[in-house]
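Engineer: Below, each chain spelled out in residue letters.
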Amino acid sequence: MSNGNMKYKVYHVFQHIFKWLLAAVVALIVLIPVYWIFISSITPSGELFKSPIDYLPDHPTLDSYEFLIQNVGLLDKIKNTVIIIGFTLVISTVICVLGAYAFCRFKNNKAISLAFGFIIATMLIPEVVTARPLYEFMQKVKLYDTYPGLIILYISSVIPFSVLILRNFVSEIPESLEEAAAIDGANFTQRLFYVVIPLMKPAIATVCIINFINCLNNFFTPLYYSNGIQVLSVAIVQLPLRDNMYGVPWDLTSAMGWIILLPIIVFVAIFEKQIMDGIMAGGVKE
Amino acid sequence: MKTKKSMLVAAWLLIIPVLAIRAFTTVYPILATIRNSFFDIRLLQGKNVFCGFENYIKAFKDPKVLTSIQFTVIFVVVSMLFHIILGVILALILNMKFKGQRFLRTIILIPWAMPAVVIGMAGKWAFNNDYGLVNDLIRRFINPNFNYSWLIYKDSARFAVIAMDLWKDLPFFAILVLSGLQFISHDIYEAARVDGASGLQCFTRITLPLITKNVATLTIPFTLWRLTSFDLVYSMTSGGPGEDTALIAYRITMEAFTNLNTGYAAALAVMLFIVMLVFTGINMKIQSKMSD
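These protein sequence lines map, in sequence, to chains A and B. Each step along the first sequence adds one to the number in our numbering, with nothing skipped, and position 83 is 83. Each step along the second sequence adds one to the number in our numbering, with nothing skipped, and position 6 is 6.
Keep in mind that the hints were calculated from the coordinates and are not lab data. There could be a bad hint or two in this list.
As the list claims (entries may be wrong) - Here are some chain B residues pointing at chain A (derived, C-beta under 7 Å):
| no. | residue |
| --- | --- |
| 1 | 15 |
| 2 | 43 |
| 3 | 44 |
| 4 | 179 |
| 5 | 194 |
| 6 | 252 |
| 7 | 254 |
| 8 | 269 |
We put the CB at the ideal spot given by N, CA and C, even for glycine.
From just these sequences and the hints, can you work out the full model?
Structural biologist: See the structure below:
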């Protein structure tokens with residue numbers, strides 16, 4: 001008996017070691033490149049061009065960041081990104097919550113369910129297929145390279161996912177709650193704003209968090225529908241070469257990369273649970 | 001009756017904003033693309049004449065497009081193969097019960113949340129011969145004299161692009177596989193154990209069928225995203241060396257925005273869209289079969 005117990009214990013210890021080993025391998029594969037981007041961004045640009053890589057830089061410096069602020073207009077690009085994403089999140093959340101509510105409560109109406117089907121079906125349309133005509137159209141209506149134009153396109157890109165998730169969530173709110181409120185004399189608007197929307201808070205938070213990340217990731221839209229208004233994701237591919245002769249401005253790229261990565265890492269660490277829920281609920285990203 | 005009608009009006013008022021924005025960015029552009037695909041439009045030469053199926057026929061004789069199609073097929077097939085194999089393994093790792101589970105799940109979200117362009121730019125430098133991360137690690141741990149310029153040669157450049165695609169996207173795939181595993185109630189395992197099933201039997205009879213079902217539903221959407229992948233190649237290789245890593249979405253965009261062959265680009269886009277529709281059709285068939 002004690003022999004069996006012993007065997008069981010040894011098996012358990014090995015199982016434990018094995019689990020941690022697997023976890024360590026996965027964590028390292030993710031973290032080493034991220035760490036490497038970070039140390040590259042604080043290594044003096046001259047020292048980047050040597051081999052082997054110095055994983056603990058001898059002369060850490062914020063020189064690359066300073067250069068980005070003074071010569072590349074980093075603060076301006078952060079401002080653009082914040083403006084566009086901020087407006088996108090606020091407007092898209094409002095219209096998607098309202099739309100999702102109507103799509104759910106009136107799903108028996110043929111035209112409305114058709115409209116819902118249309119929105120979901122447009123998820124399939126890739127950006128490259130619509131890009132050129134949309135680009136010409138945006139120029140014609142003077143929305144090209146403007147904040148409103150970009151915000152409309154960003155909003156459009158998050159609508160299908162948001163509507164889908166929010167509609168599913170509304171369908172879990174029992175209609176009897178609203179009926180009870182109606183008996184108490186609440187009208188349509190009151191029921192929506194005082195009964196339904198407060199209950200939707202967790203779903204709204206999840207949708208906003210996922211949309212924030214998707215907007216930060218958006219590259220095609222700001223690359224082809226704007227020129228003067230640069231956001232961070234576009235700025236990183238259009239950095240100038242500083243004094244090195246090597247084809248890639250890795251000193252500035254890594255610093256810019258880290259500027260984008262830092263909020264993402266903080267965000268992911270805080271909202272891990274909501275992000276997981278959101279991904280699993282939607283199963284859709286773009 | 002009257003209230004019902006006014007309710008319906010209210011419903012439409014709530015729907016119109018999302019519907020209008022979505023229609024504005026899709027309906028007209030799609031129709032315009034289809035129309036343009038039958039016209040010979042070359043903005044640089046001021047040309048705009050009807051040409052029937054000429055653009056479509058031209059595509060199959062264009063070596064650049066053929067290379068793109070070839071790499072796109074390789075990219076999709078190889079990447080999806082590894083998605084399925086490594087994605088399932090990663091999902092099982094993320095599902096392990098141990099103290100580091102939450103930490104690991106947080107870490108794994110970083111690549112998912114990172115813009116593909118950042119990964120592409122990092123990839124471009126990571127696969128650099130002299131100063132890149134990849135060769136540095138190889139020199140440290142495997143062969144101190146290792147020298148290789150990954151992005152200069154066709155096969156290794158293609159390998160590098162696929163590797164970066166996997167680095168970014170495997171976590172996403174794994175989380176979605178995992179989402180199915182979490183719904184298996186513990187009771188089922190318990191009951192199987194009581195009935196005398198071994199650990200391996202539990203895995204092959206309970207876990208694996210569920211994973212298979214999940215993977216089957218995920219494969220097509222992930223394939224569609226690979227078919228339209230643009231950011232990574234744009235930032236990492238610009239389609240090079242030559243045209244060897246120019247995915248079809250990259251090729252179309254270059255024709256539309258750099259070479260300004262609007263009509264030709266439209267024809268390529270329409271063909272890509274048709275392929276995607278076919279995959280979607282297959283997907284719907286699979287879905288309806290599985291729900292039976």
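Engineer: Find the hints from earlier in the document that the structure breaks and name them by number, from lowest to highest.
Structural biologist: The structure conflicts with hints 2, 3, 5 and 7, although it agrees with all the remaining ones.
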